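Same order as they appear, the protein sequences are chains E and D. The first sequence begins at 1 in my numbering and counts up by one. The second sequence begins at 286 in my numbering and counts up by one.
Please keep in mind that the hints were generated in silico from the structure rather than gathered at the bench. These numbers were taken from a predicted model, which means no experiment stands behind them. Be aware that one or more of the hints could be misleading.
Unchecked claim - With the C-beta cut set under 7 Å, the calculated list includes, among others, these residues of chain E facing chain D:
| hint | residue |
| --- | --- |
| 1 | SER69 |
| 2 | ASP80 |
| 3 | ILE82 |
| 4 | VAL86 |
| 5 | CYS226 |
| 6 | LEU261 |
| 7 | TYR264 |
| 8 | SER271 |
What the hints assert, rightly or not - Heads up, simulated DSS-like pairs for lysine-lysine below, C-alpha to C-alpha not over 27 Å straight-line:
| hint | chain 1 | residue 1 | chain 2 | residue 2 |
| --- | --- | --- | --- | --- |
| 9 | D | LYS318 | D | LYS301 |
| 10 | E | LYS56 | E | LYS7 |
| 11 | D | LYS648 | E | LYS55 |
| 12 | E | LYS266 | D | LYS568 |
| 13 | E | LYS27 | D | LYS305 |
| 14 | D | LYS494 | E | LYS39 |
| 15 | E | LYS198 | E | LYS39 |
| 16 | D | LYS606 | E | LYS266 |
| 17 | E | LYS265 | D | LYS572 |
| 18 | D | LYS398 | D | LYS441 |
| 19 | D | LYS648 | E | LYS198 |
| 20 | E | LYS96 | E | LYS78 |
The C-beta atom is built at its ideal place from N, Cα and C for all residues, glycine as well.
Okay, here's what each chain looks like letter by letter:
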Amino acid sequence: MFEIVRKEWLHEVIFLIEVKAPAIARKIKAGNFLVFRAKEGGERIPITVAEYDRKKGTVTCIIQVVGKSTKLLSTFEKGDYIQDVVGPLGKPTEIKKYGLVGIVSGGLGIPLANLVAKELRNAGNEVIGMVGARTKELLVWEEEMSKYCTEMDYCTDDGSFGMKGFTTNLLEKKIKELEKEGKKFDMIFTVGPTIMMKFIAGITKKYGIHTIASLNPIMVDGTGMCGACRVTVGGEIKFACVDGPEFDAHQVDFDELLMRLGQYKKYEKVSYDLYLKECCGGKQK
Amino acid sequence: MTEEKKERKPQKRSDKSPKKTPMREQPPEERIKNFLEVPFGYTEKEALLEAERCLHCRRPFCVEGCPVEINIPAFISAILDKDYRRGINIIKETNVLPAICGRVCPQENQCEKACVMGRKDGWDPVGIGRLERFLADWEYANGRETPKIAEPTGKKVAVIGSGPAGLVAAADLARYGHKVTLFESLHKGGGVLVYGIPEFRLPKSIVAKELETLEHMGVEIKYDTVIGLTYTIDELFEMGYEAIFIGTGAGLPRYLGIPGENLKGVYFANEFLTRANLMEAYKFPEKADTPINVGKKVITIGAGNVAMDCARTALRLGAEKSMIVYRRSLAEAPAREEEIHHAEEEGVEFHLLTTPLAIMGDKDNNVIGLECQECELGEPDESGRCRPIPIEDACFDLECDTLIIAIGQRPNPLVPRNTPNLKTHRWGGIIVNEETLETSIPGVFAGGDIVSGAATVILAMGAGRKAAKSMHEYLMNKDKKA
Ligand SMILES: Cc1cc2nc3c(=O)[nH]c(=O)nc-3n(C[C@H](O)[C@H](O)[C@H](O)COP(=O)(O)OP(=O)(O)OC[C@H]3O[C@@H](n4cnc5c(N)ncnc54)[C@H](O)[C@@H]3O)c2cc1C
Ligand SMILES: Cc1cc2nc3c(=O)[nH]c(=O)nc-3n(C[C@H](O)[C@H](O)[C@H](O)COP(=O)(O)OP(=O)(O)OC[C@H]3O[C@@H](n4cnc5c(N)ncnc54)[C@H](O)[C@@H]3O)c2cc1C
Ligand code: SF4
Ligand code: SF4
Ligand code: FES
Numbered sequence: 001m002f003e004i005v006r007k008e009w010l011h012e013v014i015f016l017i018e019v020k021a022p023a024i025a026r027k028i029k030a031g032n033f034l035v036f037r038a039k040e041g042g043e044r045i046p047i048t049v050a051e052y053d054r055k056k057g058t059v060t061c062i063i064q065v066v067g068k069s070t071k072l073l074s075t076f077e078k079g080d081y082i083q084d085v086v087g088p089l090g091k092p093t094e095i096k097k098y099g100l101v102g103i104v105s106g107g108l109g110i111p112l113a114n115l116v117a118k119e120l121r122n123a124g125n126e127v128i129g130m131v132g133a134r135t136k137e138l139l140v141w142e143e144e145m146s147k148y149c150t151e152m153d154y155c156t157d158d159g160s161f162g163m164k165g166f167t168t169n170l171l172e173k174k175i176k177e178l179e180k181e182g183k184k185f186d187m188i189f190t191v192g193p194t195i196m197m198k199f200i201a202g203i204t205k206k207y208g209i210h211t212i213a214s215l216n217p218i219m220v221d222g223t224g225m226c227g228a229c230r231v232t233v234g235g236e237i238k239f240a241c242v243d244g245p246e247f248d249a250h251q252v253d254f255d256e257l258l259m260r261l262g263q264y265k266k267y268e269k270v271s272y273d274l275y276l277k278e279c280c281g282g283k284q285k
Numbered sequence: 286m287t288e289e290k291k292e293r294k295p296q297k298r299s300d301k302s303p304k305k306t307p308m309r310e311q312p313p314e315e316r317i318k319n320f321l322e323v324p325f326g327y328t329e330k331e332a333l334l335e336a337e338r339c340l341h342c343r344r345p346f347c348v349e350g351c352p353v354e355i356n357i358p359a360f361i362s363a364i365l366d367k368d369y370r371r372g373i374n375i376i377k378e379t380n381v382l383p384a385i386c387g388r389v390c391p392q393e394n395q396c397e398k399a400c401v402m403g404r405k406d407g408w409d410p411v412g413i414g415r416l417e418r419f420l421a422d423w424e425y426a427n428g429r430e431t432p433k434i435a436e437p438t439g440k441k442v443a444v445i446g447s448g449p450a451g452l453v454a455a456a457d458l459a460r461y462g463h464k465v466t467l468f469e470s471l472h473k474g475g476g477v478l479v480y481g482i483p484e485f486r487l488p489k490s491i492v493a494k495e496l497e498t499l500e501h502m503g504v505e506i507k508y509d510t511v512i513g514l515t516y517t518i519d520e521l522f523e524m525g526y527e528a529i530f531i532g533t534g535a536g537l538p539r540y541l542g543i544p545g546e547n548l549k550g551v552y553f554a555n556e557f558l559t560r561a562n563l564m565e566a567y568k569f570p571e572k573a574d575t576p577i578n579v580g581k582k583v584i585t586i587g588a589g590n591v592a593m594d595c596a597r598t599a600l601r602l603g604a605e606k607s608m609i610v611y612r613r614s615l616a617e618a619p620a621r622e623e624e625i626h627h628a629e630e631e632g633v634e635f636h637l638l639t640t641p642l643a644i645m646g647d648k649d650n651n652v653i654g655l656e657c658q659e660c661e662l663g664e665p666d667e668s669g670r671c672r673p674i675p676i677e678d679a680c681f682d683l684e685c686d687t688l689i690i691a692i693g694q695r696p697n698p699l700v701p702r703n704t705p706n707l708k709t710h711r712w713g714g715i716i717v718n719e720e721t722l723e724t725s726i727p728g729v730f731a732g733g734d735i736v737s738g739a740a741t742v743i744l745a746m747g748a749g750r751k752a753a754k755s756m757h758e759y760l761m762n763k764d765k766k767a
């Protein structure tokens, strides 16, 4: 059982929890993820660590409510216990001095990329953050990652904050600006919706920039046992939970990943609707 | 030994009935609608009837056939004396998990294969497995004695993995008086016994009771702990564990390498069974949150226990048609006879001598079928089984909307990958000293599927016991040397 020591809502559907998990906090690194199971009968769901505190023995995660399991977790408050937290899973990000690094993140962008930005910066890189969201309110935690970035650029689909447009536009714009100054990204790290990463990979391929994508396939155990998380990378089957979740973005078969992500749509809806009916009288918060 | 006195004199076959006392079970048409155990187990009367069939051979071949050499005629004698406590204790001298082995051991290849009764045409061997289960179930119903524990030695030991190998190693090490911590990466203990073998073959409550007993014996069980990641082997030593047992099993799926393996609706057996068993997807959405996708027509590729479990689970999850595709004949199938028989009774369709060529999908990448080719059997290969040879132009398609790949598992790589000095075979198994089960790292021992490759419950248990014994010796000698 893992105690929640802090819980905050960052947005209507995005919340932060800080969980006491000393064994995990001891070793967690950028790129690792955890598996949460809220309670008996619950699903095992993978979640990234946004920040940790080795002294306090805690890890902080930021979670967006999208279906039953994330909704259920969102009902937990400070002092409650989560049944299972497993980690650190996956391979950590390869942190070294690349030079000029771009971090392109979307959706729950900043929380997913925060530790990577931090460690890349600590390794002596110049880090440019390019973050996108649908609208201003969804750009949570931006003051955190800005601490580690030499520059932060934003975009929103509706233009409510930063540039109007997508992270792909933001990235191409930045690449061209740098070109004018005679500079180039040495590495791009991307995390977020699969479709976004697919297009980002397309752009960086065109410009010949080494790109790492942090993939988010459906997982069950998270320890390499079931094969649910398999992705095709460079024509080979890889298990994202143990061989990844980060891979060379130019080798990833994104179309297959997109296709596999949709596998449980109809069940997810059944589960969510039933849950809403049971606990919230059918209304979404 | 007092038991020996009570053993019986050899008896004549002519006084015996040639056929095994039948075991009552749920009728096929009913059981495919539930997850309850299929065979009911012997009543006392049936057990006595079956025990009566044993010849009490002067040289009991049955014992030689059992990988852990249970004194079979002695426990059968105890049943005949209605001294069931004595019976179960005889079994537990060498097999601490009889309720499990009595259910899932491949008896027909082990004790019962060697039984003298079965050697004559038309005669069945003694139902040793069923009698073993009878005694184990009797013990569950009549109170279990917590095993005696030796004086504390003051030594801390770690056991990694709570499958049968780890369970037995932990129990034995605790009995020797060591302080045992059992580390398990999943949220539930039992290894394949809980995530792989379905409820209808092995009720999970049995495994839960065994874990409870371990805790009564003072074993601390730490779930959600992945050794190699949460703690490395080196860190375990730093934490004060003086000897370590690795029993992490063979949990890495094998795949076919044919087109279409990543289509929607294609599962590796491990995912299918994990969703169904560990995550209890059959209770979705009311009592469990993990879904499973089972269509009307399900194909399972393979013919081991894993494949039978998938095909039978699919039926229970609502498949109208469940098919097995296997490239050899049933004679070569690695599954237990009973599982094949049960699958047949439940209406699983067997496509034998059929090799898969490609998995077919529709425009939305949903699986819609399997391209197959007929085979004939050739000469035996390295495994001793006849090699399937595809027949030219004998290709055909089978329709399906779910497909499960159940062609075997490889050793779980997490511990070896994160333990630089641990020597492994090219195929991934950990290399051990056959005598002591010690690995290339002093003080680290290993056993079960992680050493042997996918094998059986009883062999994994045997290895756990053997390793515990050498770990005990290692720990005791360590002090003398110092
Ligand atoms: C490595 C990794 C790190 C992640 N980190 C975070 C994080 O820090 N914060 C966060 O909010 N989300 C994160 N996610 C996504 C999160 O796991 C899913 O949102 C969650 O599992 C959805 O569960 P649900 O029951 O609420 O929704 P559902 O209704 O079950 O699913 C909604 C969508 O989420 C995806 N999904 C569903 N189940 C899984 C699963 N078991 N594994 C992966 N994806 C799934 C599917 O695309 C699905 O369509 C991460 C995913 C991965 C793989
Ligand atoms: C579906 C299926 C049906 C079967 N049916 C039969 C049958 O009828 N009869 C029979 O005799 N045999 C059967 N077998 C084979 C038998 O179950 C195995 O041979 C046996 O379970 C092996 O035991 P083990 O202890 O070595 O490993 P496992 O049972 O695999 O247990 C290993 C445990 O270690 C844990 N683990 C792995 N890595 C780590 C880590 N890094 N840190 C912590 N924990 C870890 C795993 O989660 C697991 O709990 C079947 C196997 C399967 C898959
Ligand atoms: S453990 Fe297995 S082989 Fe040994 S007697 Fe029991 S059923 Fe037979
Ligand atoms: S071989 Fe068969 S008949 Fe002989 S002692 Fe063993 S169980 Fe009894
Ligand atoms: S989630 Fe099961 S193998 Fe990766």
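Check your understanding: Which numbered conditions among the earlier hints are violated in the structure presented, ordered from lowest to highest?
Key -> 2, 3, 6, 9, 11, 13, 15, 18 and 20
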